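Protein chains: 2
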Amino acid sequence: MACIETDGTGRESAATARRTRDDLLERMEEHLRAFLSAEHELWARVNDRAVGAVDALSELVAAGGKRIRPAFCIAGYLAADGDPADPAVVAAAAALEMLHASALIHDDVIDASSHRRGLPTVHAHHSALHAARAWQGESRRYGEGVALLVGDLALVYSEQLMSAAPAAVAAVWNKLRSELMIGQYMDMTAAAEFSVDPRLSRWIALAKSGHYTIHRPLAVGASAAGRADLAPAFAKYGEAVGEAFQLRDDLLDAFGDSAHTGKPAGLDFQQHKMTLLLGWAMQRDERIHSLITEPGHTPDEVRRRLVDTGVPDDVEKHIAALVEQGCDAIADVPIDPVWRAELATMATKVAYRTT
Amino acid sequence: MACIETDGTGRESAATARRTRDDLLERMEEHLRAFLSAEHELWARVNDRAVGAVDALSELVAAGGKRIRPAFCIAGYLAADGDPADPAVVAAAAALEMLHASALIHDDVIDASSHRRGLPTVHAHHSALHAARAWQGESRRYGEGVALLVGDLALVYSEQLMSAAPAAVAAVWNKLRSELMIGQYMDMTAAAEFSVDPRLSRWIALAKSGHYTIHRPLAVGASAAGRADLAPAFAKYGEAVGEAFQLRDDLLDAFGDSAHTGKPAGLDFQQHKMTLLLGWAMQRDERIHSLITEPGHTPDEVRRRLVDTGVPDDVEKHIAALVEQGCDAIADVPIDPVWRAELATMATKVAYRTT
Chain A
1 MACIETDGTG RESAATARRT RDDLLERMEE HLRAFLSAEH ELWARVNDRA VGAVDALSEL
61 VAAGGKRIRP AFCIAGYLAA DGDPADPAVV AAAAALEMLH ASALIHDDVI DASSHRRGLP
121 TVHAHHSALH AARAWQGESR RYGEGVALLV GDLALVYSEQ LMSAAPAAVA AVWNKLRSEL
181 MIGQYMDMTA AAEFSVDPRL SRWIALAKSG HYTIHRPLAV GASAAGRADL APAFAKYGEA
241 VGEAFQLRDD LLDAFGDSAH TGKPAGLDFQ QHKMTLLLGW AMQRDERIHS LITEPGHTPD
301 EVRRRLVDTG VPDDVEKHIA ALVEQGCDAI ADVPIDPVWR AELATMATKV AYRTT
Chain B
1 MACIETDGTG RESAATARRT RDDLLERMEE HLRAFLSAEH ELWARVNDRA VGAVDALSEL
61 VAAGGKRIRP AFCIAGYLAA DGDPADPAVV AAAAALEMLH ASALIHDDVI DASSHRRGLP
121 TVHAHHSALH AARAWQGESR RYGEGVALLV GDLALVYSEQ LMSAAPAAVA AVWNKLRSEL
181 MIGQYMDMTA AAEFSVDPRL SRWIALAKSG HYTIHRPLAV GASAAGRADL APAFAKYGEA
241 VGEAFQLRDD LLDAFGDSAH TGKPAGLDFQ QHKMTLLLGW AMQRDERIHS LITEPGHTPD
301 EVRRRLVDTG VPDDVEKHIA ALVEQGCDAI ADVPIDPVWR AELATMATKV AYRTT
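If you read the protein sequences in the order shown, they are chains A and B.
Note that the UniProt record's numbering gives residue 36 to position 36 of the first sequence, counting from 1, and the numbers run on in steps of one.
Note that the UniProt record's numbering gives residue 86 to position 86 of the second sequence, counting from 1, and the numbers run on in steps of one.
Note that these hints are calculated values from the structure, not bench results.
In this text, all values refer to a predicted model and were calculated from it rather than measured experimentally.
Be aware that one or more of the hints could be misleading.
The list treats identical chains as one, so a pair stands whether inside a single copy or across any two.
Within a straight-line C-alpha distance of at most 20 Å, the following computed SDA-like cross-link-like pairs (lysine to any residue) qualify [as the list claims (entries may be wrong)]: (1) K175 with H40; (2) K317 with E286; (3) K317 with L276; (4) K349 with A168; (5) K66 with G226.
Using the sequences plus the hints, can you model the full thing?
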């Protein structure tokens, strides 16, 4: 294991490093709250109905979430020796979380998902409101329309937030965003076709998670600190840990407890998502394809059959190897050893999370 | 009429001014084409399926449109004495058109609209593709999901394009975008409630058209040229001409020919849009409300009843007054008289357009 520091000094500075990161994360929360509250005030002065869109977004942001992208952005920034007193990284981290809110709101429409962070999704909530008030038109279209516009607003806000970060982040920020949209597009197309293609599934997992969740947020942080030299090592680390993150996501969706995750279980089956987990399992057992696509089968049948293929166990082994690979990628990178160790801890946390 | 120049010198310089504007508009088209073609190449190298999202966007952009926002941006820039050789205004104009592409794609989902610029809308096209290929899941959800992501991609691209413009445009650009999203949100909510409230209808018309289509594009141009002092006069001009633009839109939707407009006629009735035209008409004739909301009535019945109220004639008079008001607003503003005259011509063109 290349990335564990064991001496006493290491322990103390590790605690300091984490405290600095957690302080910045807390400042990011405050920045998001203040930004959304200023927007609420602004629109409330214009027209009292206008605040509905801002408030829908605020509720989702306030409902929590894992804040993985801001955490990696801040870790990348501090590992690159960025000044914790500079507000730029707080704005960049907030921008990443706001972009994520936009992606979740739109993704939940695409997946027809009912819950997110333990609350009804934006579209589900507004469809229900429309139905309860017996308004004109179709409730589904209304709810999805609201979610579409609230997600658009979040996308605009994310860019406003990012504009306070140094210009050096622009290249990676642009890449991250177009990659997210195109990754989602390919995910949806692959689900519609539902043909087994592990190479494509892996590409989608990389675009949607490897890059979007870990690699590029780290790179945004490093760029904000002016350390473009860290990009190649952070790319390797981020891609490996990001793939581990996505594989855990697949396992949690298939076998997790929706009371913990705050979203329904088995959605990937229902939406015919061609995940790596399912792609590999179907290569070993063709029957799984029809268990998912043909009516009359329960998610439990799919689960049992998945376990029988042995793929979930192999995925666990693969996750462990990816974490190791991520740690190796940053073994020799010129950063404070404290941050090398902390990035290893973060890799383990995302790979073995339960929500 | 405050804004007509009649001397011979005026005619010659007016021709030069228009040529400069048209050259810049042509450069904007080329910039959009080059940007989208570079994105196509980039994604084609990554994965051959990835280009589908970029190509869907390119088709809409290539299908034409009136380019009203770029034209006002460029006019605002040239009126403010901006250097035509500076590429910044080309990028800003392209960003406005790209944002508009995003808004159209998402708006067509919200309105369940079948055609745009004479082509099937993005969601309609991809729903049909899904159905024809008998893919997994629901065709409507798939088509709308593609449109959602393609619109998101356009929104990201619009910001990438705008980043080449001077930092001075940021404030008006941010305002324009959040106002667009919130204006659309309120438009949708007003349609769902369908209660007559001309004050609200006017606010929505101002947000969606007054600001978005005329005022803020002009202000983006003036800011790019470093002339913040023109903002108040351009605001008055833009709000008046923008309201005229929206009223013409209402009339074209109600009485226009879909062969000319490239989109279906009578969509506002179908979608229960609480336009200014309908709001005023319903204040005079309550029966119009039920003709629109109750099944079994044809658009022709609504049209006849609308004409009987006399509102369409009054709207024509109001449009004329708004054009006059727009011209008056820039009568004394310190810009080249050639541009004052050209802005008057542009006001007349948008107010009396037939598509």
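TODO: Up to 20 Å between alpha-carbons, please classify K317 paired with E286: within, between, both or neither.
DONE: neither (23 Å within a copy, 70 Å between copies)
Open item on the list: Treating 20 Å as the Cα threshold, decide for K66 and G226: within, between, both or neither.
Closed with: Classified as neither; 27 Å inside a copy, 43 Å across copies.
Task: Up to 20 Å CA-CA - L276 versus K317, copy category - done: Within. Shortest intra-copy distance 14 Å satisfies the 20 Å Cα cut-off; inter-copy 63 Å does not.
Task: Alpha-carbon proximity context of K349 and A168, limit 20 Å - done: Answer is neither; intra-copy 29 Å and inter-copy 43 Å both fail.
Task: Status of H40 relative to K175 across identical chains (alpha carbons, at most 20 Å) - done: Classified as between: cross-chain Cα gap 14 Å, same-chain 30 Å, threshold 20 Å.
Violated hints for the displayed structure, listed by number in ascending order: 2, 4, 5.
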